[in-house]
Amino acid sequence: MKIGILKRLEKIFGDFYLALILIFLYAPILVMVVLSFNSSKSRTRWGGFTWQWYTQLFSSSMIMDAFKNTVIIALLSSIIASIIGTAAAIALNDMKKLPKSMLMGATSIPMLNADIVTGISLMLAFISFGISLGFKTVLVSHITFNIPYVILSVLPKLKKTSRYTYEAALDLGAGPLKAFFAVVFPDIFPGILSGFLLAFTMSLDDFIITHFTKGAGINTLSTLIYSEVRKGIKPSMYALSSIIFLVVLILLLITNFAPNINKVHKNTKIKGMR
Amino acid sequence: MNNFLSKIKSRKILVFPYVFWILGFTVVPLILIVIYGLTDKNGVLTFENITSMGTYEHMKALILSLLLSLISTLICLLLAYPLALILKKRGAGAGRFIVFIFVLPMWMNFLLRTLAWQTLLEKNGIINGILSLFTLPGIAVINTNYAIILGMVYNFLPFMVLPIYNVLVKIDDNVVNAARDLGASRRQTFFHILLPLSIPGIVSGITMVFVPALTTFVISNILGGAKILLIGNVIEQEFTRGSGWHLGAGLSLVMMVFIFISMALIAKYDSQEGRTF
Amino acid sequence: MNKRYVAYAKKAVACVLAFCSTTFLLSGCSLLQKNGQEKEAGSGGKLYVYNWGEYIDDSIVEQFQKETGIEVIYDMFETNEEMYPIISSGAAKYDVVCPSDYMIKKMVDNGLLAEIDFNNVPNIKNIGQQYMDMSKAFDPENKFSVPYNWGTVGIIYNTSKVEGDPDSWNVLWDERYKGNILMQDSVRDAFMVGEKKLGYSLNSTDRAELEAVRDQLIAQKPLVQAYVIDQVRDKMIGGEAALAVIYSGEMLYIQNEIKASGREDQLKYVIPKEGSNLWIDSWVIPKDAPNKANAEKWIDFMCRADIAKKNFEYITYPTPNTAAFELLDKDMRENKAVFPDQEMLKNCEVFQYLGEEADELYNNLWKEVKSN
Numbered sequence: 001m002k003i004g005i006l007k008r009l010e011k012i013f014g015d016f017y018l019a020l021i022l023i024f025l026y027a028p029i030l031v032m033v034v035l036s037f038n039s040s041k042s043r044t045r046w047g048g049f050t051w052q053w054y055t056q057l058f059s060s061s062m063i064m065d066a067f068k069n070t071v072i073i074a075l076l077s078s079i080i081a082s083i084i085g086t087a088a089a090i091a092l093n094d095m096k097k098l099p100k101s102m103l104m105g106a107t108s109i110p111m112l113n114a115d116i117v118t119g120i121s122l123m124l125a126f127i128s129f130g131i132s133l134g135f136k137t138v139l140v141s142h143i144t145f146n147i148p149y150v151i152l153s154v155l156p157k158l159k160k161t162s163r164y165t166y167e168a169a170l171d172l173g174a175g176p177l178k179a180f181f182a183v184v185f186p187d188i189f190p191g192i193l194s195g196f197l198l199a200f201t202m203s204l205d206d207f208i209i210t211h212f213t214k215g216a217g218i219n220t221l222s223t224l225i226y227s228e229v230r231k232g233i234k235p236s237m238y239a240l241s242s243i244i245f246l247v248v249l250i251l252l253l254i255t256n257f258a259p260n261i262n263k264v265h266k267n268t269k270i271k272g273m274r
Numbered sequence: 275m276n277n278f279l280s281k282i283k284s285r286k287i288l289v290f291p292y293v294f295w296i297l298g299f300t301v302v303p304l305i306l307i308v309i310y311g312l313t314d315k316n317g318v319l320t321f322e323n324i325t326s327m328g329t330y331e332h333m334k335a336l337i338l339s340l341l342l343s344l345i346s347t348l349i350c351l352l353l354a355y356p357l358a359l360i361l362k363k364r365g366a367g368a369g370r371f372i373v374f375i376f377v378l379p380m381w382m383n384f385l386l387r388t389l390a391w392q393t394l395l396e397k398n399g400i401i402n403g404i405l406s407l408f409t410l411p412g413i414a415v416i417n418t419n420y421a422i423i424l425g426m427v428y429n430f431l432p433f434m435v436l437p438i439y440n441v442l443v444k445i446d447d448n449v450v451n452a453a454r455d456l457g458a459s460r461r462q463t464f465f466h467i468l469l470p471l472s473i474p475g476i477v478s479g480i481t482m483v484f485v486p487a488l489t490t491f492v493i494s495n496i497l498g499g500a501k502i503l504l505i506g507n508v509i510e511q512e513f514t515r516g517s518g519w520h521l522g523a524g525l526s527l528v529m530m531v532f533i534f535i536s537m538a539l540i541a542k543y544d545s546q547e548g549r550t551f
Numbered sequence: 552m553n554k555r556y557v558a559y560a561k562k563a564v565a566c567v568l569a570f571c572s573t574t575f576l577l578s579g580c581s582l583l584q585k586n587g588q589e590k591e592a593g594s595g596g597k598l599y600v601y602n603w604g605e606y607i608d609d610s611i612v613e614q615f616q617k618e619t620g621i622e623v624i625y626d627m628f629e630t631n632e633e634m635y636p637i638i639s640s641g642a643a644k645y646d647v648v649c650p651s652d653y654m655i656k657k658m659v660d661n662g663l664l665a666e667i668d669f670n671n672v673p674n675i676k677n678i679g680q681q682y683m684d685m686s687k688a689f690d691p692e693n694k695f696s697v698p699y700n701w702g703t704v705g706i707i708y709n710t711s712k713v714e715g716d717p718d719s720w721n722v723l724w725d726e727r728y729k730g731n732i733l734m735q736d737s738v739r740d741a742f743m744v745g746e747k748k749l750g751y752s753l754n755s756t757d758r759a760e761l762e763a764v765r766d767q768l769i770a771q772k773p774l775v776q777a778y779v780i781d782q783v784r785d786k787m788i789g790g791e792a793a794l795a796v797i798y799s800g801e802m803l804y805i806q807n808e809i810k811a812s813g814r815e816d817q818l819k820y821v822i823p824k825e826g827s828n829l830w831i832d833s834w835v836i837p838k839d840a841p842n843k844a845n846a847e848k849w850i851d852f853m854c855r856a857d858i859a860k861k862n863f864e865y866i867t868y869p870t871p872n873t874a875a876f877e878l879l880d881k882d883m884r885e886n887k888a889v890f891p892d893q894e895m896l897k898n899c900e901v902f903q904y905l906g907e908e909a910d911e912l913y914n915n916l917w918k919e920v921k922s923n
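Protein chains in written order, with the numbering used here: chain V, 1 to 274; chain X, 275 to 551; chain G, 552 to 923.
FYI, nobody ran anything at the bench for these hints, they're computed from the structure.
Please read these numbers as outputs of a predicted model, since none were measured by experiment.
Hints may contain errors.
Unchecked claim - Simulated pairs of lysine-lysine, DSBU-like, Cα-Cα distance not exceeding 30 Å:
1. LYS444(X) to LYS159(V)
2. LYS178(V) to LYS286(X)
3. LYS712(G) to LYS597(G)
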């Protein structure tokens, strides 16, 4: 009886704590959403409700271009980083101790280094080799800081896979590629996925490295916002953020609370894979 | 035999793109930083850029940055650990979902979110507005060190939650239950089972919070009213005013060495596994 | 692959997809809106513009593209100091840039600018002669630059929080306003305040004078609420502070905002009697500009009276374009905060480029202020 009460108290306390942290995390986002409906351009004065920033958003090619760049860079850089990183992790897993630890040391450099140092060092490298700054330099920089996240997510999963299954597949006549995709890949896929997701998030959120490696005429949302800070953020920026937020949140809720829809179908699929 | 050879070859070859990549985009740029840091405007070798870390202004900025980032790392840890425990108790499905909820804010631009904190914290800001509704005294944290710490905790908390949660979910519930069955108190279970097992996650989290907090310049500018100079601000200013690249590189070098040493000290606990979703 | 991971993978991929599809949906919408509007963009070549953030009416850029067929790639910087290394290192090539006075001098001195061919800029006649004369401080023969905006720096004060009408920089050292003062977060602007307060030139390079200014600024620091990196204007509108150093161009925006909230005359602007900074932002063309002819078309376009007027109404910074000035309402022309008369400007000076050594000195002293 007593334990039951304790359990319930613990649950209530847990809920309360979660709620507090969620308020803490989402308060600024709420502010952004509210400001996106503020008819006054000033963020300190409520001028009444308006939709105008949403309609203006669509005609602002600058914001839309920056948004497109942000997403394309995040997507491309995390996909490329996932491929290079997974390949590297597979090779690393097979390596002898010394070269492996050397490479792992190098891997942790971009993670441990301050963003500002990474950004500046990349900028110096691009400039001194005569590479003009632009879309490609930002992409390269993002891939650079994304690869370590993929490697560190994939390696632990690889360690748990047994190399014998792979060799067995080879012995049974599968080519190396086929053997890899049939046997190893399904096991490490969760690792690749979480690495990819982390890389995507990091790339979306990056400001400092992009700031130093971007060239003429290319902006991501972060750099565009930073250049607007002094003269005032365009409320359309808040409108854009609100839309993104809403879409992602809704999809997240749908996938979470409607898990049973294709359950049967999914199960057969899994069996088929095995 | 043929199969065996091709396997060895193809697997080793897989690392080449990556080796090429780190050489080109991590090692070479770092060498350039070293070159810049050790020369002056005319390309003459000098240690002045390095030793200038010892000047009063730079030392003060470094110590203040250290202090603020240590405090925010600690706060993140204290907030994140109970959170991760609670999430673990919710079971895998719900836990993962909530983890997503924690990551979602990071997909909104961090400059916008930090600016929004300004609107919240200002003297006539939203929080003070709400407090005054209840005739409570207002808070005056904007443009102080406290606001910077808040900004750091806000921005980096997810980096602490994720790794700790990831190691905690891997701890088998049966281990905990066994300890309880064998008569360990809640406290004992925590200190002898959960905490030791979760140290790799904690260390990962500390790394992922401490480093960006130590080197930020945006948070101190936006929430600190630019009154407080952190080492990140110093370096950023050296680079953005054009003539200070050598000094900036020198200072970055010192900071880098500093971070590497402190990370090496705790690296033996670091599994690096936890840094995933 | 166990079931948990399938569910997890689904969620993750769904989120990423959601994000990406939002992009393409939104850009699809914006394409629809634009369709037919600028079909010939790019037919006249390209133009890389590098300007201050939020310093132009976006519709003007679109109008330029439509009228000339030149595709504009528009980029922004936040400070002169941030812009300079980008141009000087050649890291990114721009065709037309809009720096401030002293920075233009620095760029001229370092041979970074191309002479403008004024045969291609007939609308230069719209720019008032007095502004061309002011420009001689940094461009002695008017060869490299065409004024875009100008203005002064002064004090904005909240009449409900400040007693009387301040007319001197000294009010920024008044203990009564502790924690209610906003300063500018840039070396030259901050030092200008101290220099003028002590009666020095704002182009002083004298170490003793500058150290005295530094001490003044350090003494002032406890009274300062923030060195504003973001908009002074929003903080003043929100009643966050009593006094602030501000660019005159922000005043019109502020006046409009407070008028809308029925607090007219609560915020006033003054150019202190000791004098202040008179600044000019001008269009220049970098030496290695890839599309110089288009850059001149751009400058000419910006000098057109109707464009300058439209732009003024959006960014509210005083225009040096006398033809556009004549098109404004009488009220606006007589708004002294925006267009001060010569008497008010008599002690004002334009910033000069002081050379690398003095630059270094200013920066180091500023660092001492900031870290104190």
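Hint-by-hint comparison with the structure:
1. Distance hint between LYS444(X) and LYS159(V) is fulfilled; the C-alpha atoms sit about 15 Å from each other, no more than 30 Å.
2. For the hint pairing LYS178(V) with LYS286(X), the CA-to-CA distance comes to about 18 Å; that is within 30 Å, so the pair holds.
3. Distance restraint check for LYS712(G) and LYS597(G): the Cα-Cα separation of roughly 51 Å exceeds the 30 Å cut-off, and the hinted pair is therefore not satisfied.
Taken one by one, the earlier hints fail for this structure only at number 3.
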